[in-house]
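Peer 1: So the chains spell out like this:
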Amino acid sequence: MIGALVIVFREVIEAALVIGVVAAAVKGLPHRGRRVAAGAAIGVAGSILVAAGLGVLSRLADGRGQELFQATVLVAAGLMLAWHNLYMARHGHEVAGKLTAMGSAVTAGTASVTMLVGVTAIAVMREGSEVALFLYALAAGHAGSAGLALGSLVGLACGAAVGFVLYLGLSRIPVRRLFTISGWVILFIAAGMFAHAAGYLVAVGWLPPLMAPAWDSSGLLSGTSVAGRALGALAGYTPAPSLTQVLFWLAAFVAIGGAMMKHGAKPAGARTMTAHATAAKDPVQES
Amino acid sequence: MMKWRTLCTAVALTLMAGTVIAAKPAPYAIDIHDDHFEPETLTVPGGTRVKIAITNHRSVPAEFESSELNREKVVPAGTTMELWLGPLKPGRYRFFDDFNPRVTGWIVVPDGGHPR
Chain A
0 MIGALVIVFR
10 EVIEAALVIG
20 VVAAAVKGLP
30 HRGRRVAAGA
40 AIGVAGSILV
50 AAGLGVLSRL
60 ADGRGQELFQ
70 ATVLVAAGLM
80 LAWHNLYMAR
90 HGHEVAGKLT
100 AMGSAVTAGT
110 ASVTMLVGVT
120 AIAVMREGSE
130 VALFLYALAA
140 GHAGSAGLAL
150 GSLVGLACGA
160 AVGFVLYLGL
170 SRIPVRRLFT
180 ISGWVILFIA
190 AGMFAHAAGY
200 LVAVGWLPPL
210 MAPAWDSSGL
220 LSGTSVAGRA
230 LGALAGYTPA
240 PSLTQVLFWL
250 AAFVAIGGAM
260 MKHGAKPAGA
270 RTMTAHATAA
280 KDPVQES
Chain B
0 MMKWRTLCTA
10 VALTLMAGTV
20 IAAKPAPYAI
30 DIHDDHFEPE
40 TLTVPGGTRV
50 KIAITNHRSV
60 PAEFESSELN
70 REKVVPAGTT
80 MELWLGPLKP
90 GRYRFFDDFN
100 PRVTGWIVVP
110 DGGHPR
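These protein sequences, in sequence, are chains A and B.
0 is the number of the first residue of the first sequence in numbering that gives the first Met the number 0; add one for each residue after it.
0 is the number of the first residue of the second sequence in numbering that gives the first Met the number 0; add one for each residue after it.
Errors might be hidden in some of the hints.
Now the in silico label distances, taken between C-beta atoms and shown as ranges [what the hints assert, rightly or not]:
#  : chain 1 : residue 1 : chain 2 : residue 2 : range
1  : B       : T79       : A       : G32       : 40 to 50 angstroms
2  : B       : D33       : A       : A51       : 16 to 26 angstroms
3  : B       : T79       : A       : T109      : 39 to 49 angstroms
4  : A       : T179      : B       : P89       : 45 to 55 angstroms
5  : A       : W214      : B       : T42       : 16 to 26 angstroms
6  : A       : V5        : B       : T42       : 46 to 56 angstroms
7  : B       : P38       : A       : L249      : 32 to 42 angstroms
8  : B       : T40       : A       : V225      : 22 to 32 angstroms
9  : B       : T103      : A       : A36       : 33 to 43 angstroms
10 : B       : P89       : A       : C157      : 32 to 42 angstroms
11 : B       : G90       : A       : L249      : 22 to 32 angstroms
12 : A       : L167      : B       : P38       : 41 to 51 angstroms
13 : A       : D215      : B       : E39       : 43 to 53 angstroms
With a straight-line cut-off of 20 angstroms between C-alpha atoms, the simulated EDC-like cross-links for lysine to aspartate or glutamate are [unchecked claim]:
#  : chain 1 : residue 1 : chain 2 : residue 2
14 : B       : K50       : B       : E37
15 : B       : K50       : B       : D30
16 : B       : K50       : A       : D61
17 : B       : K50       : B       : E64
18 : B       : K88       : A       : D215
19 : B       : K50       : B       : E62
Just so you know, these hints were derived from the structure itself, not from any lab.
By construction, the Cβ of each residue, glycine as well, lies at the ideal position given by its N, Cα and C atoms.
Given these sequences and hints, build the entire structure.
Peer 2: Now the structure itself:
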């Protein structure tokens, strides 16, 4: 039972942290809860499909199917996060202005909706398929099924709770700062996803590792520990990355971060937006 | 225009170099059983890419995982999956079955096998 609890918790926490951040980052988006639930439902369905079709998936592309699939969904999630961040760099001030002025839902861009549903689905699918396979392996073994079910449920609940606490904590931040902070956290998550995708391509021999490992910090922070997993989900931490992964991380960070700065850091424009937002507080002007 | 062509050539050459390295055969194998790996310690040369065939002899899926080697790969029951490692530095690298984590094994790269 404890085994199931720990392993399910470790997998769930990775998805839960990412979902906690993205849900907080789209504050003001209508039906957020429903959209997270929809993403999670798609993710659960996807993870069962992946787990059930694993044999087929594994044989694709000369036995490279798993890695190429993982790399593809990671890149897709990373692109959605980057798109959202660029959208927010351009329009974050307007969104924040409307939110502080009216405290109500705002008409959000497609970027935010796609990101919220898509990233939730991918995060759940990636971790969910491992949980499904693990539980199947455990259930087919000797472990008692009642303890197994209980352990898994407790693990799931604890993992989800951690994500929810992160979401609540972020949500308490005033909206303007929240968008800045969540933008940074999402930048780290996205860079980690690209680096992780590069790791899969190195594993199948499509990319050279250049230097493997570039360092080994498993003595400092193990990749299997809960903290290591959490940092893995939030910043792409892996204890012994290849140099290729490190370079992909840096390249993604600089590319997305640079584009955010370029679109967002216009002090004059920002001031006008803030002025607009203050003006919008005037009910006569607004309606 | 020239710049693009130079870049494309460079990328193509890099990819080809990767393919040449990847084409080198390396018949290393690890078998996953219910309570042990066979062999429990696999010795591979350092400084070169090595291919390892991992066969799962259990009736349930297994996940070959090693944070020191920076690899994780699910191996469905009764199948063989191939994995590329390295070039590795001399040392001992622990691996385990993430779905059955009591069972661990080691990949060992001896000193001075291959200058790097």
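Peer 1: All hints, please: hold or fail.
Peer 2: Right, here's what the structure says about each hint:
1. T79/B with G32/A: 40 to 50 angstroms: Check passed, 45 angstroms falls within 40 to 50 angstroms.
2. D33/B with A51/A: 16 to 26 angstroms: holds (23 angstroms)
3. T79/B with T109/A: 39 to 49 angstroms: Check passed, 44 angstroms falls within 39 to 49 angstroms.
4. T179/A with P89/B: 45 to 55 angstroms: holds (46 angstroms)
5. W214/A with T42/B: 16 to 26 angstroms: holds (24 angstroms)
6. V5/A with T42/B: 46 to 56 angstroms: violated (32 angstroms)
7. P38/B with L249/A: 32 to 42 angstroms: Once the Cβ atoms are compared, 38 angstroms apart, the range 32 to 42 angstroms for L249/A and P38/B holds.
8. T40/B with V225/A: 22 to 32 angstroms: Cβ of T40/B to Cβ of V225/A: about 29 angstroms, so the range 22 to 32 angstroms holds.
9. T103/B with A36/A: 33 to 43 angstroms: holds (39 angstroms)
10. P89/B with C157/A: 32 to 42 angstroms: For C157/A against P89/B, whose Cβ atoms are near 40 angstroms apart, the range 32 to 42 angstroms holds.
11. G90/B with L249/A: 22 to 32 angstroms: With Cβ atoms ~26 angstroms apart, the hint holds.
12. L167/A with P38/B: 41 to 51 angstroms: holds (50 angstroms)
13. D215/A with E39/B: 43 to 53 angstroms: violated (22 angstroms)
14. K50/B with E37/B: Roughly 16 angstroms separates the two Cα atoms, so the pair holds.
15. K50/B with D30/B: Distance of about 14 angstroms is within 20 angstroms: holds.
16. K50/B with D61/A: holds (13 angstroms)
17. K50/B with E64/B: With Cα atoms ~15 angstroms apart, K50/B and E64/B stay inside 20 angstroms; holds.
18. K88/B with D215/A: The given pair, whose Cα atoms are some 11 angstroms apart, holds under the 20 angstroms limit.
19. K50/B with E62/B: holds (17 angstroms)
Hint violations for this structure: numbers 6 and 13, all remaining hints satisfied.
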